[in-house]
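Student: The lines below spell out each chain.
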Amino acid sequence: MPSNTPLSPTHFVAPLDETPLVAVDKVSISERKSNLYLDAWRDVRGRVLFYVAGAVIILILVVALFPSLFTSIDPKYCNLDLSNAGPGAGHLLGSTFQGCDIYSRIIYGAGTSLSVGFIVTVLVTIIGVVIGAVAGFYGGWVDAVLSRIGDIFFSIPYILAAVVIMSLFAAYRNVWTLSLAIGIFAWPSVARILRGQILSVKNADYVTSATALGVSRFKILVKHVLPNSVAPVIVITTIGLAGAIVAESTLSFLGVGLGSDSISWGNEISNAQTQLRTDPSNLIYPSIALSITVLAFILMGEVVRDALDPKARARR
Amino acid sequence: MSDTSARATISGSSLAATPLLEISNLNVGFTTQRGVVPAVNGVNFTIMPGETVAIVGESGSGKSTTAHAIIGLLPGTGKVTGGQILFDGIDLATATEKKLEEVRGNLIGFVPQDPMSNLNPVLNIGFQVQETLVANGKATRGKDAKAKAITVLQQAGLGDAEHRLRQYPHQFSGGMRQRVLIGIGLSSTPKLLIADEPTSALDVTVQRTILDHLAGLTREAGTAVLFITHDLGLAAERAEKLIVMYKGKIVESGPSVEILQNPQHPYTQRLVAAAPSLASRRIQSSSRPLATLDYVAPSIAGDVDLIATAEAHAEHTPVTKTLVPSIVVKDLTKVFQINTGKLQRQPFTAVDQVSFTIAKGTTTALVGESGSGKSTVARLILKLDEATSGSITVDGEDVAKLKGRELLALRRRMQPVFQDPFGSLDPLYNIGSTIAEPLVTHKVGGRKEQRARVLELLDQVALPTALADRYPNELSGGQRQRVAIARALALKPDIVILDEAVSALDVLVQAQILALLSELQSELDLTYLFITHDLAVVRLVADNVCVMQKGKIVEAAATDEVFGNPKQEYTKELLAAIPGAGIQLAV
Chain G
-1 MPSNTPLSPT HFVAPLDETP LVAVDKVSIS ERKSNLYLDA WRDVRGRVLF YVAGAVIILI
59 LVVALFPSLF TSIDPKYCNL DLSNAGPGAG HLLGSTFQGC DIYSRIIYGA GTSLSVGFIV
119 TVLVTIIGVV IGAVAGFYGG WVDAVLSRIG DIFFSIPYIL AAVVIMSLFA AYRNVWTLSL
179 AIGIFAWPSV ARILRGQILS VKNADYVTSA TALGVSRFKI LVKHVLPNSV APVIVITTIG
239 LAGAIVAEST LSFLGVGLGS DSISWGNEIS NAQTQLRTDP SNLIYPSIAL SITVLAFILM
299 GEVVRDALDP KARARR
Chain H
18 MSDTSARATI SGSSLAATPL LEISNLNVGF TTQRGVVPAV NGVNFTIMPG ETVAIVGESG
78 SGKSTTAHAI IGLLPGTGKV TGGQILFDGI DLATATEKKL EEVRGNLIGF VPQDPMSNLN
138 PVLNIGFQVQ ETLVANGKAT RGKDAKAKAI TVLQQAGLGD AEHRLRQYPH QFSGGMRQRV
198 LIGIGLSSTP KLLIADEPTS ALDVTVQRTI LDHLAGLTRE AGTAVLFITH DLGLAAERAE
258 KLIVMYKGKI VESGPSVEIL QNPQHPYTQR LVAAAPSLAS RRIQSSSRPL ATLDYVAPSI
318 AGDVDLIATA EAHAEHTPVT KTLVPSIVVK DLTKVFQINT GKLQRQPFTA VDQVSFTIAK
378 GTTTALVGES GSGKSTVARL ILKLDEATSG SITVDGEDVA KLKGRELLAL RRRMQPVFQD
438 PFGSLDPLYN IGSTIAEPLV THKVGGRKEQ RARVLELLDQ VALPTALADR YPNELSGGQR
498 QRVAIARALA LKPDIVILDE AVSALDVLVQ AQILALLSEL QSELDLTYLF ITHDLAVVRL
558 VADNVCVMQK GKIVEAAATD EVFGNPKQEY TKELLAAIPG AGIQLAV
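As they're listed, the protein sequences go chains G and H.
Using my numbering, you'd call the opening residue of the first sequence number -1 and step up by one each time.
Using my numbering, you'd call the opening residue of the second sequence number 18 and step up by one each time.
Careful, some of the hints might be misleading.
As the list claims (entries may be wrong) - Examples of chain G residues toward chain H, derived with CB under 8 Å: (1) Ile56; (2) Asp203; (3) Ser207.
To be clear, the hints were calculated from the coordinates, so they are not data collected in a lab.
Don't be surprised by glycine CBs; every beta carbon is placed ideally from N, CA and C.
Looking at chain H on its own, in the form it has when it is part of the complex:
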């Protein structure tokens, strides 16, 4: 890597300003039993004062490690093994812990990823904000600190700050906690703010308001911001400069819009092609199978260009099919009794008079933010919970009345795929047994036939058949999700209910799974109910969309209709909140 330091290509523009942060040839490694595993490999970049820079990459690309190395907060056995981190003339890579403590908080603020675990649940908010202020010498303990803490919360956009100071983290929503963390991060007006996936745990609309607010604050104070994100659209929208990392190295960097419109490195091209927020149309599966999608082709395996495929298919007029209703949901209502803690129970309507119809062989997306009741609808349709009122009809049969053998027959026709790839497979079952479980439960075929079917299914989801004897923890998230799909398909169901099935995956893997789902749909004439919080993904997979808010469906229409001509204010808000939606790609 000796040549990497030589071409620090992005060392600022022609302006003679000195960079605020200059990282040259940074190497970070983690010590394990098998020696030092490099995580960051010869990284060079600079941040000018007041500039916003985003590092984009998939999980494991080294983006977070780079950020943590800057403030000397590498987890576990992580260590800077080479290079320089020059911040305002100080080399942070070799600085003493004491020096680092001065820099941290004071000169470099940090907003962590998970607002749920980064505030101490047993201390009130006021104490935690004041602690930071006092530690950074911005206030003296007591009245002064309290007054300044109030200002910090007000600046972070929290109303009634004085009252809020006495509250505890559990009384705050995720968005409010992230505001507190941003407030803490900016409390001592640092020169640089590092935000590590600051909003990836939040709903899109909350994400937007928080990022807008953050942008306003930093612009005002002239703070430079280093964003770490997996979302290319978000990065491009929020940062002037983009750094794309892959396998611990920078593969491309430069002005955001230019990278998006004219990506040079094949990896960046892949990313741009797969980013759902930037793509425009549904992957059409009705006219011809999507075998043309590249994910099976070994030479360019992984290059799933969703945009190109969607465009190509859009030109073929879909074969007009007679639409037979597969699932009919009518006036579905589910009321939960919530314990209020005072020996009382309060009714809570999670699903409120929901009605929709899904035609056979099509995909209907149920979109909504967390708490909108979308997953409850899925559980009701799957008959994992009983509805309070209303009816669900699957292929003409009323689900509520089914019992015993008939219920088993229904279960055979309808299978779910869940969100968490790490929870959806029993860790003690090997892949073969996992996929065969539906066959064993429903006594389909003998041992030999079952084994043959397992191998066939593995093949169908593009996994090597050798995996049948392996266990889930040997697989990646995307591969586990494939296994979950294979298992769902084992009994040849008509309906698959996908509950946030791709939400936990990296964009490239997500694009691959979406393409797979699309192909399977056209091959097996499957009906999908696709539940997601991500409108951007919806556009790629769904024929129809139902937008849910607080248990009610506020808008339901064909996908193009919803995206092109949203009727409801809430839908418009959701659409506007898709990061990067406004950026035009030169295709």
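Just chain G, with the same shape it has in the complex:
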């Protein structure tokens, strides 16, 4: 195309070797595969906090599953001679007012507290995801009805609701009823977040493409829309797990949680009220166990949130 007409004096051409031409739209295959979850996993593995929180969580899980590995003292064996005794031989953290071993009761309480946390989380996730997904994806009157139901549940603070339910069913206080009472009012936040996420994903071109292919609505929801919407749900359930453990303690502390015969951190803290002045260690040690557990799950939630948010990753 270049002709031989002389160029005007202001016409500048850079030498070719300075900016060698690259083929248009050249495919460069990087060494590693990359999508949201692969990138998040890679990111998480590079963070110290992930290992710290992860180690604590694993330790707590092992304690909860195999408490007998950590103590040989029966938490229900109480010796009134040792009432409010300080740390001593065989009793690492001392004894309660009733003369039970504090350390042993903390170890055995872990299982109860964590069970409540996990059961509530599973329950909330299942109800929240199903309702949020159906409402967001199908829209219309289905959405209107489900969202209003969610609003009703959302308008009642779940702790308050759980207090009412637990006092009504005082005869059936166990891990399952307590989890149900907490979970039944905690799901709307999950449903709302997922619904919002789905509303933005369901109009993506790849969803339209799948429709034009003849993929059924339900398959589109399960195969395309849900996987692309659940990231924020993963984050809030991790943090929510910590919230559920706290809720158990709160309810037990208020005397409407687990029955007084079960061992849980909430019950320990509740029982310690009476000796707050005389023997604060009754209160302090279970509280520390609770705080460390909650902190570990919250930090894990933070790590996961950062990893699943590409913008937050870029900022670091």
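With chain G held as given, fit chain H onto it using these hints.
Tutor: Chain H only, in chain G's frame:
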């Protein structure tokens, strides 16, 4: 790069005037985790007072970064790492923030790219214009500012300015917002106006009126203008001087027309060759396959000379084919019920009595500006929406009546490719699964056959087969669009509906995809419905054109007929608005 500063070749003409802006050896880098990534590398140029200069380049060439560096508005971690930006005797590269604030707005105006996000939606227009005036010391708060704001809007070409002042951005169309932004940019009669892709989000006819208006205003006030654009035709039409950037460097600069007619650098030659607005004829696919297009040849991969190919093919008389109608659309109407917000619904006719026929193996383009109803037609044909009235017949079958198994069979014969390369692929599906999805959905072949077909399709769209295990975010826009095409072709459809399929791509990539589509058409005897807002592209790909306006087809004819002898006023207007259409290339 020590020699670059030495040959600041475009330092003005023999006139002894001092340049308004003199950039020498500018380097800009972005700090990332892996260190400083250079974005602009040893750039030199000057702008004389009152001169209009355009920087042209593809995305990522550093053109916007250069513009932002001038006014000290580099995004994120961007930083000027070397060189000088002399504006009226002040070095802006080393100036303090305070000094920069004085220059910004006052001496250098800026018109941003996206009129939708650059006005604050919660403040009324009047406040935003007055704020600029007061901040630049051009008016005192109160009555004075208001009066001057009215003048600014009037100058920007907005009627009823006093009333407009009280309105909010959402009450303005895109074109009107851009007028407001131009008004704000010019409100303090700066010496230089930087316009960063000021009209790329607007329809062509709106673009033309706005640029005409801008040219008038700046000529009157003697303002120098620095245009940033990806559109070579637009740049050449609007600017006296052209700067072509590639990979952070200037590869060629000089008088616009001369660069267009006599491009020297191979990259500029590529750009000129691929610019659709400058090309003249359809890429002919009917007579012989376009295998001669260079995009597969590894040595000169990417050099798709659309003009040359089109010319070459035009000389071959196309094989006369018996035309069998593939899609017949008759009196198609779609009425939407729009919520007016007062518990009332208003009918809105998006598609109004549209009729056209597409013959098998040909391409029909549906052209129109935003809101003309063209995409709705596509959705109706694809049966993603139900038509209000009228009929669509595909290969003799009435689409409206199809259900269940028959509908699935129709879907198999007709596949879409959408506009947004970033939205059209599921980010969590790897490329192989994405392309295989049609096969899995329609239960074609076993796992092994499907895999083989995926690799074959990747090969067909000129992508390496190793990509099958990779995810969409590892690909560029053009490559994603190739994947979308491969997926659309998986079931060996007869009809492909391309809804703005190349609109979001850089010109060179766009030319490549168009060539690919053309080749696939002749190879597989595909029928295309090509939906676009860009008339320039139409000329390259379509056999027939339907021009849509406000839901109606206003003109329908063979492509050459429409371009050579447009009958309707609206079509003429659209044609005249193609930037650079009037520039003659010396080929």
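Student: Run every hint past the structure and note whether it holds.
Tutor: Hint check:
With a cut of 8 Å, the hint placing Ile56(G) at the interface with chain H is violated, because the nearest CB-to-CB distance is about 28 Å. At its closest, the beta carbon of Asp203(G) sits 4 Å from a beta carbon of chain H; the interface hint therefore holds under the 8 Å criterion. Look at Ser207(G): its Cβ gets to within about 6 Å of chain H, closer than 8 Å, so that hint holds up.
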